[in-house]
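Its first residue numbered 407, the sequence shown is counted upward by one per residue in my numbering.
No lab work stands behind these hints: they were computed from the structure.
Think of the CB as a built atom: it goes at the ideal place given N, C-alpha and C, for glycine as much as any other residue.
Be careful, since some hints might not be right.
As the list claims (entries may be wrong) - In silico DSSO-like links for lysine-lysine, alpha-carbon gap of 27 Å or less:
hint, residue 1, residue 2
1, Lys671, Lys759
2, Lys522, Lys498
3, Lys671, Lys515
4, Lys468, Lys497
5, Lys746, Lys664
6, Lys747, Lys691
7, Lys762, Lys664
8, Lys498, Lys671
9, Lys497, Lys522
10, Lys664, Lys515
11, Lys729, Lys498
12, Lys759, Lys691
13, Lys497, Lys762
14, Lys498, Lys747
15, Lys567, Lys671
16, Lys691, Lys750
17, Lys497, Lys747
18, Lys759, Lys664
19, Lys691, Lys762
20, Lys498, Lys762
21, Lys762, Lys750
22, Lys729, Lys671
23, Lys747, Lys522
24, Lys729, Lys460
25, Lys747, Lys671
26, Lys468, Lys567
What the hints assert, rightly or not - Okay, the calculated beta carbon distance ranges per label pair:
hint, residue 1, residue 2, range
27, Arg650, Val677, 25 to 33 Å
28, Trp509, Ser753, 13 to 21 Å
29, Glu766, Lys729, 54 to 62 Å
30, Ser769, Ser610, 21 to 29 Å
31, Ser594, Met734, 28 to 36 Å
32, Leu685, Ser594, 35 to 43 Å
33, Ile517, Arg705, 42 to 50 Å
34, Val765, Lys515, 27 to 35 Å
35, Phe513, Leu732, 54 to 62 Å
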Amino acid sequence: MPGGGARGPVGRAHPISKSEKPSTSRDKDCRARGRDDKGRKNMQDGTSDGEIPKFDGAAYDKDLVEALERDIVSRNPSVHWDDIADLEEAKKLLREAVVLPMWMPDFFKGIRRPWKGVLMVGPPGTGKTMLAKAVATECGTTFFNVSSSTLTSKYRGESEKLVRLLFEMARFYAPTTIFIDEIDSICSRRGTSDEHEASRRVKSELLIQMDGVGGALENDDPSKMVMVLAATNFPWDIDEALRRRLEKRIYIPLPTAKGRTELLKINLREVELDPDIQLEDIAEKIEGYSGADITNVCRDASLMAMRRRINGLSPEEIRALSKEELQMPVTRGDFELALKKIAKSVSAADLEKYEKWMVEFGSA
């Protein structure tokens, strides 16, 4: 299955620093609707225009509420579809599953109701988090970025409370996108011999809360929508009940040849390249590399010239080097050395497992 990764210089998510794209009429409609929704919410909460209403967490521990507010809530992820290289099929499916129901609530009713949740499946470092942020940005929704560590507490009963609090806050700040990364670590198969009682309770609470929100539009009002997006590198470990609730299951594959070339250009946009370098040739050599792998290769290659320059110098001599002395072009040889040091992180056997799982359980 062809695919790609998200653009950018660092980590497993790869944003591009681009000039702002001209707004389309659909973008303007979405933002206008968001302003109208905000105005209604301000009247309901007694807040003035421009003031974000505060969630009342009196029923919960103050530290839990503050932790979620501080670490999870992002009201403007500022990631757009154009900021993600390749993955055109995944973007099209996410736009239909999540974005269009926000824009056309009158159409998505009855049998066309929005999906309860969307699961993104694929190797690590392929841009799943960036896709979720793009969904939140395009819809103008509040973005909750959740991991297993966020919803895990060492105190008995606290993890279930965190799950419940997360969804209550999501309803309050609606329209909302909840992105749960590595969901397999939170909701793995139940009933195994090594499953802890606390883990079972957290899974049960998560399933209950997902039943409570789903993708349905409360009172046909898009401002009330809470959408759950999830990502996993190990779909075969996910509990069956959760898999049923994540009705749309999308494969996020490794970059195509075109995607690899785009990622090379973006990662190296601030680096001087030797005229002899042909990025298309390098893209052929890194077939099977994830977006994160490509970023690592580019980073290592860009450091090769500096390593040669400071080799054998004393600390005083290194500190005395000017910026210009270190600005040397990256060569074809630098990439060859980097590729010898950095292997791809996804095996052919892993790819076969993903494709087999998608044939059996996918719903793209």
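Against the structure, the hints:
Annotation: proposed proximity of Lys671 to Lys759 is violated, straight-line Cα distance about 31 Å (limit 27 Å). Of the pairs offered as hints, the one joining Lys522 and Lys498 holds, with about 18 Å between alpha carbons and a cut-off of 27 Å not exceeded. Restraint check: the Cα-Cα separation between Lys671 and Lys515 comes to about 43 Å, which exceeds 27 Å; the hinted pair is violated. Pair hint Lys468 plus Lys497 does not hold up; C-alpha atoms about 38 Å apart against a cutoff of 27 Å.
Proposed proximity of Lys746 and Lys664 is supported: the alpha carbons are some 22 Å apart, at most 27 Å. This hinted pair checks out: Lys747 and Lys691 have alpha carbons roughly 14 Å apart, not beyond 27 Å. Using a Cα cut-off of 27 Å, the hinted pair Lys762 and Lys664 holds, with the two alpha carbons roughly 25 Å apart. Of the supplied pair hints, the one linking Lys498 and Lys671 holds, its CA atoms being roughly 24 Å apart against a limit of 27 Å.
Pair hint Lys497 plus Lys522 holds up; C-alpha atoms about 18 Å apart against a cutoff of 27 Å. For a cut-off of 27 Å, the pair hint linking Lys664 to Lys515 is broken: about 38 Å separates their Cα positions. The straight-line distance between the Cα atoms of Lys729 and Lys498 is roughly 44 Å, outside the 27 Å bound, and the hint therefore fails. Distance restraint check for Lys759 and Lys691: the Cα-Cα separation of roughly 23 Å lies within the 27 Å cut-off, and the hinted pair is therefore satisfied.
Straight-line distance between C-alpha atoms of Lys497 and Lys762 comes to about 22 Å, which keeps the hinted pair within the 27 Å bound. With a CA separation close to 36 Å, the supplied pair Lys498 and Lys747 exceeds the 27 Å bound. With a C-alpha separation of about 45 Å, the suggested pairing of Lys567 with Lys671 is violated against the 27 Å cut-off. Between Lys691 and Lys750 the CA atoms are separated by roughly 11 Å; this keeps the pair inside 27 Å, and the hint holds.
For the given pair, Lys497 sits about 33 Å from Lys747 by alpha-carbon distance, which is inconsistent with the 27 Å threshold. At most 27 Å may separate the alpha-carbon atoms for a hinted pair to count; Lys759 and Lys664 meet this at roughly 24 Å. Note on Lys691 and Lys762: the hinted pairing holds, with a Cα-Cα distance of about 26 Å set against a maximum of 27 Å. Annotation: proposed proximity of Lys498 to Lys762 holds, straight-line Cα distance about 22 Å (limit 27 Å).
A threshold of 27 Å between alpha carbons decides the hint, and for Lys762 with Lys750 the separation of about 21 Å falls inside it, so the pair holds. Using a Cα cut-off of 27 Å, the hinted pair Lys729 and Lys671 holds, with the two alpha carbons roughly 23 Å apart. Proposed proximity of Lys747 and Lys522 is contradicted: the alpha carbons are some 43 Å apart, above 27 Å. Of the supplied pair hints, the one linking Lys729 and Lys460 is violated, its CA atoms being roughly 48 Å apart against a limit of 27 Å.
About 21 Å separates the Cα atoms of Lys747 and Lys671, which keeps this hinted pair within 27 Å; it holds. At most 27 Å may separate the alpha-carbon atoms for a hinted pair to count; Lys468 and Lys567 meet this at roughly 12 Å. Remark: the range hint 25 to 33 Å for Arg650 to Val677 is contradicted by a beta-carbon distance near 47 Å. Between Trp509 and Ser753 the beta carbons are some 40 Å apart, a value that contradicts the proposed interval 13 to 21 Å.
Take Glu766 and Lys729: their Cβ atoms lie about 55 Å apart, and the range 54 to 62 Å holds. The given range of 21 to 29 Å is respected by Ser769 and Ser610, whose C-beta atoms sit roughly 24 Å from each other. For the pair Ser594 and Met734, the supplied restraint of 28 to 36 Å is violated, since their beta-carbon distance comes to about 49 Å. Range check, Leu685 to Ser594: Cβ separation about 41 Å, and the 35 to 43 Å hint holds.
Distance hint check for Ile517 and Arg705: the Cβ-Cβ separation is about 49 Å, which falls inside the suggested range of 42 to 50 Å. For Val765 and Lys515, the hinted distance range of 27 to 35 Å is satisfied, since their beta carbons lie about 31 Å from each other. A beta carbon spacing of about 57 Å between Phe513 and Leu732 agrees with the range 54 to 62 Å that was offered as a hint.
In this structure, the hints that do not hold are numbers 1, 3, 4, 10, 11, 14, 15, 17, 23, 24, 27, 28 and 31, in rising order.
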